[in-house]
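Student: This is what each chain is made of:
Number of protein chains: 4
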Amino acid sequence: MKKITIFCDGKKWIVDKNLKTFSTHFGNIDIPEKIDGIEKLEFKGRSFYFYQPGISEFLLKIKRKTQIIYPKDVAVITFYSSLKETDNVIETGTGSGSLLIGIMSIVKKGKVITIERNEDFREVAVKNIENYFGKIPENLEFINGDVYDENFKIDIEEEWADKIFFDLPEPWKAKGLLKYLKKGGILVNYNPQIIQIKKFVEELDGFIDINVFELLERRWLVDEKRARPVDLMRGHTGFIMIGRKAK
Amino acid sequence: MKKITIFCDGKKWIVDKNLKTFSTHFGNIDIPEKIDGIEKLEFKGRSFYFYQPGISEFLLKIKRKTQIIYPKDVAVITFYSSLKETDNVIETGTGSGSLLIGIMSIVKKGKVITIERNEDFREVAVKNIENYFGKIPENLEFINGDVYDENFKIDIEEEWADKIFFDLPEPWKAKGLLKYLKKGGILVNYNPQIIQIKKFVEELDGFIDINVFELLERRWLVDEKRARPVDLMRGHTGFIMIGRKAK
Amino acid sequence: MKKITIFCDGKKWIVDKNLKTFSTHFGNIDIPEKIDGIEKLEFKGRSFYFYQPGISEFLLKIKRKTQIIYPKDVAVITFYSSLKETDNVIETGTGSGSLLIGIMSIVKKGKVITIERNEDFREVAVKNIENYFGKIPENLEFINGDVYDENFKIDIEEEWADKIFFDLPEPWKAKGLLKYLKKGGILVNYNPQIIQIKKFVEELDGFIDINVFELLERRWLVDEKRARPVDLMRGHTGFIMIGRKAK
Amino acid sequence: MKKITIFCDGKKWIVDKNLKTFSTHFGNIDIPEKIDGIEKLEFKGRSFYFYQPGISEFLLKIKRKTQIIYPKDVAVITFYSSLKETDNVIETGTGSGSLLIGIMSIVKKGKVITIERNEDFREVAVKNIENYFGKIPENLEFINGDVYDENFKIDIEEEWADKIFFDLPEPWKAKGLLKYLKKGGILVNYNPQIIQIKKFVEELDGFIDINVFELLERRWLVDEKRARPVDLMRGHTGFIMIGRKAK
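As you go down the protein sequences, you meet chains A, B, C and D in turn. Using the working numbering, the letters of the first sequence map in sequence onto residues 11 to 257. Using the working numbering, the letters of the second sequence map in sequence onto residues 11 to 257. Using the working numbering, the letters of the third sequence map in sequence onto residues 11 to 257. Using the working numbering, the letters of the fourth sequence map in sequence onto residues 11 to 257.
A couple of the hints might just be wrong.
Note that the list lumps identical chains together, so a pair holds whenever it fits in one copy or between two copies.
[What the hints assert, rightly or not] 20 Å max Cα-Cα, derived SDA-like pairs, lysine to any residue:
| id | residue 1 | residue 2 |
| --- | --- | --- |
| 1 | Lys189 | Glu168 |
| 2 | Lys235 | Glu180 |
| 3 | Lys94 | Pro147 |
| 4 | Lys145 | Phe53 |
| 5 | Lys257 | Glu43 |
| 6 | Lys118 | Thr96 |
| 7 | Lys54 | His246 |
| 8 | Lys257 | Gly20 |
| 9 | Lys189 | Asp159 |
| 10 | Lys27 | Phe143 |
Calculated directly from the structure, the hints in this document are not laboratory data.
One chain only, chain A, in its complex shape (with noise of 0.2 Å):
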């Protein structure tokens, strides 16, 4: 981990462990060397906090070049997949590389293919991993491809994958990937619009147990005062489809 949070009244950032000073506009605050669980500074009145971010903090906060996956449908894809340490993964696109954290924080010992044909993208998605684990995991391995392109190949065997994971803008056209999945794999797919789902869905072939919902997170503000929900709320991420590969 390359970051730490900064906590004060409410507020959070997150900025380079190897800086020394904050600044704020209070003036500039020294960032602790050694941080041992948490550290509190006063300054000026206010306490300061620092810590390691968590992991749905810290995917808030990445660098973005695309809309992100939010935590809450990365905790959801994960789970609902049984995502485990010895899986064998695909994903694509590889975004912002949001999901594909979420993912290398459970596969530790099977080997994670992600796929993205936009180099821009991929850059910030390998700076935001740097960023959360240190480095690139020896288990992760890039692909510059175009998964809608009918010769698309990756050099592994067919039915090699416990699970595949989709964000794409037409995932039919990627359907050639699922020749990768092994039988009773699961595949997610992830899609803004649940047209793209629908047609998904359609042509989609040699699946069961297929499931599609969305997840609505809802904020409360809760004090001494108040218990009441937040007045805006984000009212959409996206649809997440869920099937096993019967054959």
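For this one, chain A is given, so just place chains B, C and D on it according to the hints.
Tutor: Frame of chain A; chains B, C and D shown alone:
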């Protein structure tokens, strides 16, 4: 894993792995002896599939003597708390063991202590854990005790736990446990009642970055003819509070 | 109003007003002859209340041969379309008459034309309207016809209607009716399927300020001990599109 | 109605009807003198539309010194309470008059009494009512008073009102008003805080069929390319309690 999923025509059963046959109203079906990913059996014009259940489908079918924590909440509780394989964890109450299965699927090297005062619940949880993991994992300790009791103690050092999970009707009565949480550690408090969350937040001292939210999972019917949300949805499971110990 | 509500212990029945008795599993209860606002009757230790049903509770209990439009949607459809007592209105299909009862409760001086091709549906709607209003209001005309038929015509002038309400599986096939809508008039299109809404919006020409939304009603259990959402909620009824004719 | 809507490219303004011109960053546009349903004006390549605002769009743009009650809630409050043109009504507090406009658009023959202790709020509400109805309707009476005051009285008989509407921070302090409600009459209590609803329900005596709910309005982006919920939605306005006076 001592269980197997049988899937046919959108319906699903989770049965003992060592069962030889499964009885349907069409007659008895032989369960395949060995399942390599997924097995398919044609029986009187229907396709039956057999495979190892995923964690979320398993949780929905566990034995229960209590309200369970639903998969969507288990997913987000473990993810938002950045639960890691090396974490030391305290959980109370054990209940039917739904969250505990989620915790044990991640924590492989740390130690997990789960506390429950109701022996019936514990028995059910033990059975569920055994069914999922094949046996009770060695890094899991069940404690029979009443965390509301002022004299309740665990035989560990203070600031031992990286994460503490509460699923208690009156969580404020278990505040004594918070001394076992590390500085910088994460506390999750789950409760079906927002007023219980509010009372707990009011009494909580020394925690920062307290967030309260609920998750709504909305299933959609998607097939060739339809793309619409399911008529009846689970409108409520529980509220989740997450905070970080600051001192 | 030909109906009466009987309420006891949180349960509710809507029965014919001229019934003399109401049979329960405790025995038969005499229904009061005259009800002044509300009447209460003690019967074997329970309190039974009798009163004229409100419109929303009536709608939930109407006879139905179709999916009904739910009270929340009737409320918002009539309100967001600024329906007035003097408006001229076209509605199709009549269905079970749920939206129609909402319309007729507001439109007292304008005229309402409702069109349905299914005679069974119309009979049910007629019965429901009679039950609610005591008789068919004089300003309401039922037309038996197929609005998908290109030759379908109503014997009114073009630009006659202030408001048009569609509840049709394939609303784009009824676009011919839109010539009857005044310039500046409001069109509401209700549909359980978002894809049908999309197709209609794509084909709609000459309308501005088109809004699409859905309403979720989340019931809460609130009493001395509890304040939490009800476990099971209706997760979906339909999508509502509203637009204004611009030319 | 003293206002007019101007619509252009998905944006909307509500301005004084007697304005001659409307200034945009393209220059000043002449507002048509007479508007027959809807008028269209081409101006520097854009289409501007002019028409009388609907009630829901008007409510979203009223002057406000308080949180307003949103159109979705006004729609359902008036509908679920079966508000009729002949009803006698008490409403408190008046606030900015949003719910009051909804009430007055239905109650034409009954009398409406609205009570507010804050004179600034009342002035704003009077202005909003005048803007919508052209003048203060003759069946509407504004009372300046504090309904929390034990000695507060209205110069009407007990059991005069068919409906009573509360929008008060501490509604239990205004229980004295409930003597003015008819037996069988409807009470609506609106509050952003569920805990205030709970406290009121606990203290409420002699009411049956008490329902508490909240409404979520989820807007969708629908056009040729897209069909998906809007990213940001209003996640909360208020909780609504409805009950019927039983004695």
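Student: If a hint holds in the structure, say so; if it doesn't, say that too.
Tutor: Hints and how they fare:
With identical chains, the CA atoms of lysine 189 and glutamate 168 are at most 20 Å apart within one copy only, with a shortest distance of 6 Å there and 52 Å across copies. In this assembly of identical chains, the alpha carbons of lysine 235 and glutamate 180 lie at most 20 Å apart only when taken from different copies (13 Å versus 48 Å within one copy). For the homomeric pair lysine 94 and proline 147, the shortest alpha-carbon distances inside one copy (16 Å) and between copies (17 Å) are both at most 20 Å. Taking CA atoms no more than 20 Å apart as the test, lysine 145 paired with phenylalanine 53 passes in neither setting, with 33 Å inside one copy and 52 Å between copies.
Only between protomers do lysine 257 and glutamate 43 lie at most 20 Å apart by alpha-carbon distance; the minimum there is 18 Å, versus 55 Å within a single protomer. Proximity of lysine 118 and threonine 96 under a CA criterion of 20 Å is satisfied in both settings, with 7 Å inside one chain copy and 13 Å between copies. Taking the shortest alpha-carbon separations for lysine 54 and histidine 246, neither the intra-copy value of 40 Å nor the inter-copy value of 36 Å comes in at or below 20 Å. Only between protomers do lysine 257 and glycine 20 lie at most 20 Å apart by alpha-carbon distance; the minimum there is 16 Å, versus 51 Å within a single protomer.
In this assembly of identical chains, the alpha carbons of lysine 189 and aspartate 159 lie at most 20 Å apart only when taken from the same copy (15 Å versus 48 Å across copies). For the homomeric pair lysine 27 and phenylalanine 143, the shortest alpha-carbon distance inside one copy (13 Å) is at most 20 Å, but the shortest distance between copies (39 Å) is not.
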